[in-house]
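Peer 1: Sequence order for the protein chains is V and Y. According to this note's numbering, the first sequence is numbered sequentially starting from 1. According to this note's numbering, the second sequence is numbered sequentially starting from 1001.
Hints are not guaranteed to be accurate.
As the list claims (entries may be wrong) - One side only, chain Y facing chain V, incomplete, derived with CB under 10 Å:
1. A1013
2. G1015
3. S1026
4. Y1027
5. G1030
6. S1045
7. G1052
8. I1055
9. L1059
10. Q1066
11. V1097
12. G1098
13. S1109
14. H1113
15. M1115
16. L1116
Stated by the list, open to error - Partner residues are not named here, just some residues of chain Y that face chain V (Cβ under 7 Å, in silico):
17. R1023
18. T1038
19. S1046
20. M1067
21. V1069
22. L1075
23. S1078
24. S1089
25. G1093
26. I1101
27. I1108
To be verified - Label pairs and their calculated CB-CB ranges:
28. V:I115 / Y:A1080: 33 to 39 Å
29. Y:M1105 / V:I163: 35 to 41 Å
30. V:S19 / Y:V1096: 27 to 33 Å
31. Y:S1046 / V:T171: 49 to 55 Å
By construction, these hints were calculated from the structure, which means they are not laboratory data. Every residue gets a Cβ at the ideal spot worked out from N, C-alpha and C, and that includes glycine.
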Amino acid sequence: MNTIVDVESAEMSAGVPLSEWGPAPARVVSAFGFWLFLLSDIIVFSALFAAYAVLSGQTNGGPSAIELFDKRHVLYETSCLLASSFTCGMMMIATDRREVALTYFSALVTAALGIAFLRMEFSEFAQMVHQGAGPTRSAFLSSFFTLVGMHGAHVTVGIAWLIVMMAQVGTLGFRPMVVRRIVSFSLFWHALDIVWIGVFTVVYLGAFS
Amino acid sequence: MNVRVEVTDADRAPGSHRSGRDRLRSYTLGLGLAILLTAASFAASSSSSVWGPSIPVLLAVLAIAQMGVHLVFFLHISTAPDSTNNILSLAFGVFVVGLVIFGSMIIISNLNHNMLPMDQLIDMHRQR
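Could you put together the complete structure from these sequences and hints?
Peer 2: Right under this line is the structure:
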């Protein structure tokens, strides 16, 4: 079953000089390329973090961070994302073993936790807008909604991607092409969790300390 | 036919790991450490047993530690020779992120420091 990969690896380790190895296997190239995309995406986030760090005190007489944020709420959001990162890892193990049922199940749990996170974030945003603390109120709130909303938009795209991947597992099966895409998805999902660590530390916990 | 060779790939893809059991252990260990660090940052943010002004530094240390845990245990980025490309690109990414965030903060705080207070600025405009 794994003949192609094994021959490839065997050739590489058979004392051939590095310069004659030829191109790396597609799975390595695609994952590395996606890793580079993720790093550039994190640089985009860093610009939004910089804007927030600079503007977080500019409330223009409006509500400040400490009046708006609820720490318990953030803890629930964080737990959802962390748990979904773990179940995403379970999905990768299931995919490696080509276990269809386990892949579907862990993908379902991952998506459900992601949707729970989005619901909490959306209710927080709706409540803030309702209180008159929408993105147009002050520079602080503009930068807050941009940064946290950007992360939420990424999570939304991630869930849509996960649903498409499960449809592809259903229709195409575990082809190398599909597996490469699932690997890229898992990298994306873990990277989003890393960005969230920055968000809850800088935006939410930073306001309380 | 299918000879099992000790696999030493040219490059290791981010997120890939050598064996299934290692992966499960890595994810479980990572989850445990991440829960511990998250709980520590939430506890530290409103703790009275830590000297107040040092809390932001403590939070930053805990956040960087947790990002490290995620990179090592979830994304499987290591310092192994076959992971050099991954770690070098990560180092460059971290460098740019640091430049953007801390550069902006230094520049803006410097501008703030050099700016006249708002009432004096308005006075200057009136005198013209």
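Peer 1: It remains to establish, for every hint, whether it holds in the given structure.
Peer 2: Hints, verified against the model:
The beta carbon of Y:A1013 is positioned within 10 Å of a beta carbon in chain V (closest approach about 3 Å), and the interface hint is therefore held. Proximity of Y:G1015 to chain V holds as hinted, the smallest CB-CB distance being about 5 Å (cut-off 10 Å). Taken as an interface hint, Y:S1026 checks out: its beta carbon lies about 8 Å from the nearest beta carbon of chain V, inside 10 Å. Hint status for Y:Y1027: holds, given a least beta-carbon distance of 4 Å to chain V, under 10 Å.
Interface hint status for Y:G1030: upheld, as the beta-carbon distance to the closest one in chain V is roughly 8 Å, under 10 Å. Satisfaction of the interface hint for Y:S1045 is found here, the shortest Cβ-Cβ separation to chain V being roughly 4 Å, below the 10 Å cut-off. Of the supplied interface hints, the one on Y:G1052 holds, with its beta-carbon coming within about 8 Å of a beta-carbon of chain V, less than 10 Å. The closest approach between the C-beta of Y:I1055 and any C-beta of chain V is roughly 4 Å, which is under the 10 Å cut-off, so the hint is satisfied.
The interface hint given for Y:L1059 is met, as the beta carbon of that residue sits about 5 Å from the closest beta carbon of chain V, less than 10 Å. At its closest, the beta carbon of Y:Q1066 sits 5 Å from a beta carbon of chain V; the interface hint therefore holds under the 10 Å criterion. For the restraint placing Y:V1097 at the interface with chain V, the shortest Cβ-Cβ distance is roughly 4 Å, inside the 10 Å limit, so the hint holds. Restraint check, Y:G1098 versus chain V: the minimum CB separation of about 8 Å is within 10 Å; hint holds.
Contact between Y:S1109 and chain V, as hinted, is supported at the beta carbon level, the nearest pair being about 8 Å apart and thus within 10 Å. Hint status for Y:H1113: violated, given a least beta-carbon distance of 13 Å to chain V, over 10 Å. Annotation: Y:M1115 was flagged as interfacial toward chain V, and the flag is violated, the nearest CB pair being 13 Å apart, outside 10 Å. With 10 Å as the threshold, the beta carbon of Y:L1116 stays out of range of chain V, its nearest partner Cβ sitting at about 17 Å, so the hint is violated.
Here the hint on Y:R1023 is kept, as its CB sits about 5 Å from the closest CB of chain V, short of 7 Å. Interface hint status for Y:T1038: upheld, as the beta-carbon distance to the closest one in chain V is roughly 6 Å, under 7 Å. Contact between Y:S1046 and chain V, as hinted, is supported at the beta carbon level, the nearest pair being about 6 Å apart and thus within 7 Å. With its C-beta approaching chain V no nearer than about 5 Å, Y:M1067 sits inside the 7 Å limit, and its interface hint holds.
Checking Y:V1069 against chain V by beta carbon gives a least distance of about 9 Å; that is not within 7 Å, so the hint is violated. Residue-level restraint check for Y:L1075 holds (minimum Cβ-Cβ distance to chain V is 5 Å; threshold 7 Å). Checking Y:S1078 against chain V: minimum C-beta separation of about 13 Å lies over 7 Å; hint violated. Hint on Y:S1089 holds. Least Cβ distance to chain V is approximately 6 Å, under the 7 Å limit.
Evaluation of the Y:G1093 hint against chain V yields a held restraint, the C-beta minimum of about 4 Å falling below 7 Å. Below 7 Å, beta-carbon pairs count as interface contacts, and Y:I1101 has one with chain V at about 5 Å; its hint therefore holds. A least Cβ separation of about 5 Å between Y:I1108 and chain V falls short of the 7 Å threshold, and the interface hint therefore holds. Separation of V:I115 from Y:A1080 is about 36 Å and conforms to the stated range, judged on CB atoms against 33 to 39 Å.
Distance hint for Y:M1105 and V:I163: a CB-CB separation of about 39 Å, consistent with the stated range 35 to 41 Å. Distance hint check: the CB atoms of V:S19 and Y:V1096 are about 30 Å apart, consistent with the given range 27 to 33 Å. Distance hint check for Y:S1046 and V:T171: the Cβ-Cβ separation is about 50 Å, which falls inside the suggested range of 49 to 55 Å.
Against the hints set out earlier in the document, violations occur for numbers 14, 15, 16, 21 and 23.
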